[in-house]
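Novice: Given next are the chains, with one letter for each unit.
6 protein chains.
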Amino acid sequence: MKIVLKLTGKLFDEQYVGVIKEIIAVIKHRYSKGDRLAVVVGGGKTARKYISMGESLGLSNSLLDVLGIESSRINAMFLASALGDAGYLPIPRNIEEFLNAWSSGKVVVLGGIQPGQSTNAVAAVVAELVGADMLVNATVVDGVYDKDPSRYSNAKLLKEISIEDLEKFVRQEYLPGHYELLDPIALNVIKRSRINLVFTNAFKPTNILRVIEGDRNIGTWIKF
Amino acid sequence: MKIVLKLTGKLFDEQYVGVIKEIIAVIKHRYSKGDRLAVVVGGGKTARKYISMGESLGLSNSLLDVLGIESSRINAMFLASALGDAGYLPIPRNIEEFLNAWSSGKVVVLGGIQPGQSTNAVAAVVAELVGADMLVNATVVDGVYDKDPSRYSNAKLLKEISIEDLEKFVRQEYLPGHYELLDPIALNVIKRSRINLVFTNAFKPTNILRVIEGDRNIGTWIKF
Amino acid sequence: MKIVLKLTGKLFDEQYVGVIKEIIAVIKHRYSKGDRLAVVVGGGKTARKYISMGESLGLSNSLLDVLGIESSRINAMFLASALGDAGYLPIPRNIEEFLNAWSSGKVVVLGGIQPGQSTNAVAAVVAELVGADMLVNATVVDGVYDKDPSRYSNAKLLKEISIEDLEKFVRQEYLPGHYELLDPIALNVIKRSRINLVFTNAFKPTNILRVIEGDRNIGTWIKF
Amino acid sequence: MKIVLKLTGKLFDEQYVGVIKEIIAVIKHRYSKGDRLAVVVGGGKTARKYISMGESLGLSNSLLDVLGIESSRINAMFLASALGDAGYLPIPRNIEEFLNAWSSGKVVVLGGIQPGQSTNAVAAVVAELVGADMLVNATVVDGVYDKDPSRYSNAKLLKEISIEDLEKFVRQEYLPGHYELLDPIALNVIKRSRINLVFTNAFKPTNILRVIEGDRNIGTWIKF
Amino acid sequence: MKIVLKLTGKLFDEQYVGVIKEIIAVIKHRYSKGDRLAVVVGGGKTARKYISMGESLGLSNSLLDVLGIESSRINAMFLASALGDAGYLPIPRNIEEFLNAWSSGKVVVLGGIQPGQSTNAVAAVVAELVGADMLVNATVVDGVYDKDPSRYSNAKLLKEISIEDLEKFVRQEYLPGHYELLDPIALNVIKRSRINLVFTNAFKPTNILRVIEGDRNIGTWIKF
Amino acid sequence: MKIVLKLTGKLFDEQYVGVIKEIIAVIKHRYSKGDRLAVVVGGGKTARKYISMGESLGLSNSLLDVLGIESSRINAMFLASALGDAGYLPIPRNIEEFLNAWSSGKVVVLGGIQPGQSTNAVAAVVAELVGADMLVNATVVDGVYDKDPSRYSNAKLLKEISIEDLEKFVRQEYLPGHYELLDPIALNVIKRSRINLVFTNAFKPTNILRVIEGDRNIGTWIKF
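Protein sequence lines correspond, in order, to chains A, B, C, D, E and F.
Here the first sequence is numbered in numbering that gives the first Met the number 0, starting from 0 and rising by one per residue.
Here the second sequence is numbered in numbering that gives the first Met the number 0, starting from 0 and rising by one per residue.
Here the third sequence is numbered in numbering that gives the first Met the number 0, starting from 0 and rising by one per residue.
Here the fourth sequence is numbered in numbering that gives the first Met the number 0, starting from 0 and rising by one per residue.
Here the fifth sequence is numbered in numbering that gives the first Met the number 0, starting from 0 and rising by one per residue.
Here the sixth sequence is numbered in numbering that gives the first Met the number 0, starting from 0 and rising by one per residue.
Hints were generated in silico from the structure; no laboratory data involved.
Don't take each hint at face value.
Claimed, not checked - Each computed EDC-like pair below joins lysine to aspartate or glutamate, with the alpha-carbon atoms no more than 16 Å apart:
#1 C/LYS105 with E/GLU166
#2 A/LYS105 with A/GLU54
#3 E/LYS20 with F/GLU54
#4 E/LYS1 with A/ASP84
#5 F/LYS20 with E/ASP84
#6 D/LYS20 with A/ASP84
#7 A/LYS20 with D/GLU54
The task is simple: from the sequences and hints, build the whole structure.
Specialist: Next comes the structure, spelled out in structure tokens:
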């Protein structure tokens, strides 16, 4: 099975090293069973630090994005290093380098690629490119809710959501505020290739594993 | 002045070599006057040929995009070669190579960069990255119309359009069908950095020059 | 067995997608049986289009060659994409990148490499470099004839030809006009390393397979 | 004049953005007067974060170094971006890329290059390679002291120190503990090429400028 | 088992082709048994020729180092070519390229990487990076002696030496003059990661094999 | 003026350092007067050493060529280093890297590029690519003779030779044996673009300068 795993950059903080360890165990487990995996990681706190510093100096939005991209690449380097022989190094910096890395048969970890788009877009493009059976988007909450879970205590986790409804959420910027949005490229790529997308919680590594194993009681599954 | 010029790929056809010659003259003229220019070109007919062949073989959308990107790079190579000493070679294949090329001081021509986005997105990102004074988007018609000029003979060319209205056009897929759309990345980048965008006709090189010279009677100018 | 397959660029046209499909089946068949394959493709119609456009603009011969090389690379990209997991991406752009790609164990497809030489030269160099057991040169006709088959209806296909006679053909530019010549590098490399070269018809995929299987009744085999 | 400026990574923190701004002004000032500058920056707090996380996961020392190197590269990217048209992008990742960047005539900023050595070594090698007139090593204190200034309140700043005495400090690991050491490569390169090295305080940008202007009352100057 | 083999550049001379042949047999033997090997080679006579020529022209030390590095890369190219299908090509020129090459599963041969350090440092860094079980440093003598074997006929080969004593030798430049020293980076890396280092004689290929096989009667083994 | 200078690899030997120094003075002189120069150098003695060693190990012809190419690149590195600020580093390894280097405005030195062709071919392709006003081929003799000057004491230096006669010499392998031949690519490129080629003696730097200055009494000038 070919799996693309998108991990929120928020994971890459000293307090979450234990979680990362468990995620690594999940990745290695599936790799050892013959799965092909690509992992795309966000920039997290490091990105926010440099972007905020860049704003103080008046850098252009593209250069702020570049700082975010570089930050996500350190996170990728960290994760790939920790995968040992299962992980590919160095970190691919564009699609051509990704393809070369992918041909090695190892787990390929990467961060951002280009200003103007999020690491969600990278994950979607990579999933399409390798013909992934599944794109697991692991964020800070358990999946997609009917309202913003950070504001409404009665927000309900959706087990499924149609791509059209997901798109409406994204378009209306209505998607509950504290988790990362699909950007328009990501959405477009997922729609056009009907990529099997599931949202789950990055901070619950067991859930990531269960989603990969096909447990539809975990996370939010996108329907086409 | 820093100028990013986006040229429709439809130009790169044998019947339009004369037009290309005139566009080259415009580019060289501005370059010789001290302007810094980046030119982004689409894939045109060559792209359509390979994408159609790829569809016959059932290639994934990302790989179809890759074929389109390679096609746009030949168009870029063609244009850059024809610029002689003013043009930078080889053609940059990603943002890092673009930055290296840009530091040469020459006119940098490039095509697409990544699956999932159009060459319009590349043009917007490049414009933001170099801090362009102007992004000239040269398409197959004179600018943005109030209705689709290919269907309504009384369609009126707009001299100006607010970014909000442009966005509505794009969102509603209402933009007159036969010319190339701004994709969502392009739109987002242009909005966030308030890039000075003008639509004009690639097949009227004099108009391109006049737009660069600031003639607001030519093309459609975007207001923020 | 290590095989280098040279395919005429004329294949890469919309009307021949069916033929390409069959060639892909041949390549995948041999790959799945453990053969190592490199495939070198010409620029075909796309090359001719850009070269003719370049001539109109007065480009130097080297730059015209560069346009041809880029065109052959799109053809290579098209074929490699269509090979799915068997094909290596991205397309190598020089000998060092070829060696890296070759180490992946996948089928490596490439086009031209350098101005001043044909893709036949690339195929010969690659065959020598990997120590190929066979170089199959698939052109638009069934092999080498005693006279130009496009002019003489009684031209006879040669089952074998000595390298010396082949060289004479090439030197006298006597080789039947409508199929692609071995250029002097190709010839020199083939001679010095006594590469097992066979000419066959690219438009008859079954013949390619039979040549690879050693059927000396198909094509023209070079003797040393 | 050719100047290599080594900046402690500790600068690259949100609280010191004001200092960085002043350093940028110094760099731009000298650049505008015709100096050629290379700037080498350390990894600072970001490096320490990732190295500490890596240690928790049991990464090898080389991989910890790699994390430090990537961190220093974000700092370099940040500084180079903030230099605007004076700064070269992208950040060189090895000596060959540095040489290419240097040929652009712009200010080249870089971080680490290789596990097993510090960014001080990079600065020394770069200074030797470009034939720098001066290597300014800007740390967290005013220069070299006769004892550790963080422990002895009566530690005295040395205006000059012979390379032999500096070497003794380094060898005995006696160099005042809280500022960054010259590693053995740096020392060796500086000795063999008698590089004009001055230690000064990165947090006092005016001092950096005065050192560049030759004011021997600022910092510690190395004698050969 | 993961093995890093450091070979003195002095091997790469016409008179020693026979020895190289035997070393190749040792490498292929271990490779065929499933070992992963990286081989680092010095610059030898070619390096000395170009360095001496460079000195005549007054080149800087860094550029002299670069000439030495290029020379070691030819030696690496020579060895890797002679390994046939077991050897990776092209030769990695920096750590990132090494990591990519290493992921191929082949024997990776490399020379120097950066001015200011020896190929011994490269070997140590590579050994640390891949987590080598053993670093075999094959020089011109049988191992480490208690005095300089070229000057004292009664110099005694040490079967073991503690890393502290080895360091003292290196620091005092006391290590018998005619064989290659560990430079400070190499020493530092070996110490910090307690790399299993053995010195043996490059000109006795059987000894290299026996060291790899764990025969502690051959060469000098470093104790921690 | 744009000049491509081809230098025989035989120059790069310790005994000829003085000659190289003079050639450097010639190059710098023309560079300082505003000429653009590319210099292509052969592999010389170093190439012969490694090729002979490779033959002992039974390497394929392509790999022998690769060893020759690497050797020519050290010679190129040596020369480029010695040019100081006038010379571009690193050495380009293919045509794309050459184009990037050329855009720096510096003197670009390179060696071989690809198996199967000589450095004469590289020089011709480079001359065509940059639109050189002159290709100066500096060999071990004064130019082209009517017979082999090493065998016939009465061999006469030709002041001019038609390209057709030169071609005959090359084709008949009649060109006086001890100087380097134009290979068929070189010849073909020179013919098709009517490149202004002059043969002169590399060991007489003053002659190189006089040829560049247009003195038709020096060397052999090719007529079209």
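Novice: Run every hint past the structure and note whether it holds.
Specialist: Hint check results:
no. : hint                   : in the structure
1   : C/LYS105 with E/GLU166 : violated, 47 Å
2   : A/LYS105 with A/GLU54  : violated, 37 Å
3   : E/LYS20 with F/GLU54   : holds, 12 Å
4   : E/LYS1 with A/ASP84    : holds, 12 Å
5   : F/LYS20 with E/ASP84   : violated, 43 Å
6   : D/LYS20 with A/ASP84   : violated, 42 Å
7   : A/LYS20 with D/GLU54   : holds, 12 Å
Violated hints, listed in ascending order, are 1, 2, 5 and 6; each of the other numbered hints is respected by the structure.
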